[in-house]
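There are 2 protein chains.
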Amino acid sequence: MPELRRDPVIGRWVIISTERGKRPSDFGKEVETGVGKYCPFCPGNEDKTPPEVLAYHDPSREKNKSGWWVRVVPNKFPALQIEGALNRQGDGMYDKMNGVGAHEVVIETSDHAVDFPDLPAKRAEDVIWAFRDRIMDLKRDPRFEYILIFKNRGAAAGASLSHPHSQLIATPVIPRNVRELVNGAKNYFEYKERCVFCDMIKQELTAGQRIVSENDDFVAFVPFAARFPFEVWILPKVHDSDYEDLQKHEAVNLSRLLQQSLKRIREVLDDPPYNFILLNSPLRESKLPHYHWHLEIMPKLTKVAGFEWGSGFYINPTPPEEAAKFLREAD
Amino acid sequence: MPELRRDPVIGRWVIISTERGKRPSDFGKEVETGVGKYCPFCPGNEDKTPPEVLAYHDPSREKNKSGWWVRVVPNKFPALQIEGALNRQGDGMYDKMNGVGAHEVVIETSDHAVDFPDLPAKRAEDVIWAFRDRIMDLKRDPRFEYILIFKNRGAAAGASLSHPHSQLIATPVIPRNVRELVNGAKNYFEYKERCVFCDMIKQELTAGQRIVSENDDFVAFVPFAARFPFEVWILPKVHDSDYEDLQKHEAVNLSRLLQQSLKRIREVLDDPPYNFILLNSPLRESKLPHYHWHLEIMPKLTKVAGFEWGSGFYINPTPPEEAAKFLREAD
Numbered sequence: 270m271p272e273l274r275r276d277p278v279i280g281r282w283v284i285i286s287t288e289r290g291k292r293p294s295d296f297g298k299e300v301e302t303g304v305g306k307y308c309p310f311c312p313g314n315e316d317k318t319p320p321e322v323l324a325y326h327d328p329s330r331e332k333n334k335s336g337w338w339v340r341v342v343p344n345k346f347p348a349l350q351i352e353g354a355l356n357r358q359g360d361g362m363y364d365k366m367n368g369v370g371a372h373e374v375v376i377e378t379s380d381h382a383v384d385f386p387d388l389p390a391k392r393a394e395d396v397i398w399a400f401r402d403r404i405m406d407l408k409r410d411p412r413f414e415y416i417l418i419f420k421n422r423g424a425a426a427g428a429s430l431s432h433p434h435s436q437l438i439a440t441p442v443i444p445r446n447v448r449e450l451v452n453g454a455k456n457y458f459e460y461k462e463r464c465v466f467c468d469m470i471k472q473e474l475t476a477g478q479r480i481v482s483e484n485d486d487f488v489a490f491v492p493f494a495a496r497f498p499f500e501v502w503i504l505p506k507v508h509d510s511d512y513e514d515l516q517k518h519e520a521v522n523l524s525r526l527l528q529q530s531l532k533r534i535r536e537v538l539d540d541p542p543y544n545f546i547l548l549n550s551p552l553r554e555s556k557l558p559h560y561h562w563h564l565e566i567m568p569k570l571t572k573v574a575g576f577e578w579g580s581g582f583y584i585n586p587t588p589p590e591e592a593a594k595f596l597r598e599a600d
Numbered sequence: 270m271p272e273l274r275r276d277p278v279i280g281r282w283v284i285i286s287t288e289r290g291k292r293p294s295d296f297g298k299e300v301e302t303g304v305g306k307y308c309p310f311c312p313g314n315e316d317k318t319p320p321e322v323l324a325y326h327d328p329s330r331e332k333n334k335s336g337w338w339v340r341v342v343p344n345k346f347p348a349l350q351i352e353g354a355l356n357r358q359g360d361g362m363y364d365k366m367n368g369v370g371a372h373e374v375v376i377e378t379s380d381h382a383v384d385f386p387d388l389p390a391k392r393a394e395d396v397i398w399a400f401r402d403r404i405m406d407l408k409r410d411p412r413f414e415y416i417l418i419f420k421n422r423g424a425a426a427g428a429s430l431s432h433p434h435s436q437l438i439a440t441p442v443i444p445r446n447v448r449e450l451v452n453g454a455k456n457y458f459e460y461k462e463r464c465v466f467c468d469m470i471k472q473e474l475t476a477g478q479r480i481v482s483e484n485d486d487f488v489a490f491v492p493f494a495a496r497f498p499f500e501v502w503i504l505p506k507v508h509d510s511d512y513e514d515l516q517k518h519e520a521v522n523l524s525r526l527l528q529q530s531l532k533r534i535r536e537v538l539d540d541p542p543y544n545f546i547l548l549n550s551p552l553r554e555s556k557l558p559h560y561h562w563h564l565e566i567m568p569k570l571t572k573v574a575g576f577e578w579g580s581g582f583y584i585n586p587t588p589p590e591e592a593a594k595f596l597r598e599a600d
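Note that the protein sequences, when read in sequence, are chains A and B. Here my numbering is used: the first residue of the first sequence is 270, the next is one more, and so on. Here my numbering is used: the first residue of the second sequence is 270, the next is one more, and so on.
So that you can see chain A by itself, here it is in the shape it has in the complex (with noise of 0.2 Å):
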């Protein structure tokens, strides 16, 4: 059973591989599964994987079986396990609990070669409503207090498998980053009456400098003070804490900007790895005044070192307002 551990200075908590610890000589060059070989996510493999727990496929398809075009699995690997009670205790001075939690990976086409931006617009659509599905389900499991939704692209992002796929990860405590973000946009709205997300909308779209782009529901700019260069945030412009309340229409326009946006990075930045981010609201709090879910795209160009380790300083080398003029030009 992976172990969950408390910094006891910051209270941030680590997730320990206890079972399968990687031994010195296992830190090797990754390298990530190339097209035309073996693929444990595409058709006929279905039995490679655990069984999934969801599929959206042919009317006449059989379970773990080939005639689907979303997919997902419980992670083979997974960083937590879905099995158990918590038993928070301690050890001295330091707290621990058990590694409870569900990894799940979001096969997100049968099609190997064919990377999101490119999907035909309704299966990219289908995408969004998987993530949506999953959240819905995993959200009655009481012992879950959040799900963060990811997305790893290129080895030099995490990735290990070249298959178009993104994971989901629910945690028995609210991630610390996830907590200073709702505590903070919470201390806007306590001084403001108003949530920050839905004035930084506001002043974005009248500025225009740093937009790379919008439709009818959603926008899409470089935040003022991005840690990364060409970082892209996604955003309801409607106010809305949790990305389950989702409507058909909010889907296909979510699904319309993220692949214009990730279309746009490629273009510009020459296919670069990337990660995103959904950040929703904690599963136990909805419908929050204070909180906005977004999504956050960020290119991996830099590399993150000393500094940036020690002081949680991020140094941007390139202007968000330039950055943002390269992607709305990109078209």
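If you are wondering where the hints come from, they were derived from the structure by calculation, not from laboratory data. There could be a bad hint or two in this list.
A pair counts as met if it fits within one copy or between any two copies, since identical chains are not told apart.
What the hints assert, rightly or not - Straight-line alpha carbon distances no greater than 20 Å define the calculated EDC-like cross-link-like pairs of lysine to aspartate or glutamate that follow: (1) K291 <-> E591; (2) K345 <-> E598; (3) K365 <-> E414; (4) K345 <-> E321; (5) K572 <-> D540; (6) K517 <-> D402; (7) K391 <-> D486; (8) K532 <-> E483; (9) K471 <-> D364; (10) K291 <-> D539; (11) K471 <-> D360; (12) K556 <-> D402.
Take the given structure of chain A and dock chain B to it, following the hints.
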């Protein structure tokens, strides 16, 4: 002038390079300058760096000429600029100020090919003293609130030059990570009336299973909730919040333990890239009963991906107890 911008939700400051902004095509594969090629830190090239702010050298040597063994120079491409006023101001809902600060390079040896762990003991001690001298000097500038000393070794850890060096950045605000660290320690102190780091040292020395090595003044161990595999912390055994209080025997023992720890990491992990950071107390807060300065070494073995960026939750694939055992046995 670089610009400091504040994230309006969580208050994270970011340094934005507004002048020589990197364009999309500037993000290539950065390669480290290798041995044998031209190196601006080598003796004879003193005029290729900005004029030195400190040097330990032969008595007869002229300023900015060869004949030194440790040399500190301003970074030629500084993240922050030394001249100017902060000029804090708003931009609608956002906050910004001028990117005023110091960014210096500590050239640890005149010999390009001798890495810090292999320096003669006396020379390694001098590097430890140089850190202290620079803190003492920069502390007198009332614009600075914090000084972070750090080392990036190897291209994957963010180094762009292979000549052994570390860096220092003085910032006009207290970095968020440091604020959290000092506040976390303060909360513990208020509850327990003891320093959390002193407690940690006591528990680690008693338990023993995470200890890497120790001497009269310092102890090196893998922290209980290590974020990274083979992460090592070095702490002074006697409580002190301020690095610049270092006494002669402590400098000797710190440089010895740091050299040893880096050698062990090099041996066990086959010379990995790494970062280290010196987490001193904020400049205007000294003699703190609750804070304990220390040094964190982070070998760069895994990739930080979407989950970590999104949640601030780390996944460490090597249990700290196993990592410590490997490091302890490497001798």
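Each hint, compared with the structure:
1. Taking the shortest Cα distances, K291 and E591 sit within 20 Å of each other only across copies (9 Å), while inside one copy they are farther apart (42 Å).
2. Taking CA atoms no more than 20 Å apart as the test, K345 paired with E598 passes in neither setting, with 41 Å inside one copy and 33 Å between copies.
3. Taking identical chains as interchangeable, the C-alpha atoms of K365 and E414 lie at most 20 Å apart only when both belong to the same chain, with a minimum of 16 Å there against 35 Å between chains.
4. Proximity of K345 and E321 under a CA criterion of 20 Å is satisfied intra-copy only: 11 Å inside one chain copy versus 55 Å between copies.
5. Proximity of K572 to D540 under the C-alpha cut-off of 20 Å is found in both arrangements, the shortest distances being 17 Å within a copy and 19 Å between copies.
6. Proximity of K517 and D402 under a CA criterion of 20 Å is satisfied intra-copy only: 13 Å inside one chain copy versus 63 Å between copies.
7. For the identical chains of this complex, K391 and D486 are intra-copy neighbours only, at 17 Å inside a copy versus 65 Å across copies, given an alpha-carbon limit of 20 Å.
8. In the homo-oligomer, the alpha carbons of K532 and E483 lie at most 20 Å apart inside one protomer (14 Å), although the nearest pairing across protomers, at 53 Å, exceeds that limit.
9. Taking the shortest alpha-carbon separations for K471 and D364, only the inter-copy value of 16 Å comes in at or below 20 Å, while the best intra-copy value is 43 Å.
10. Proximity of K291 and D539 under a CA criterion of 20 Å is satisfied inter-copy only: 15 Å between copies versus 34 Å inside one chain copy.
11. Taking the shortest Cα distances, K471 and D360 sit within 20 Å of each other only across copies (13 Å), while inside one copy they are farther apart (49 Å).
12. Taking CA atoms no more than 20 Å apart as the test, K556 paired with D402 passes inside one copy only; the shortest distance there is 18 Å, against 54 Å between copies.
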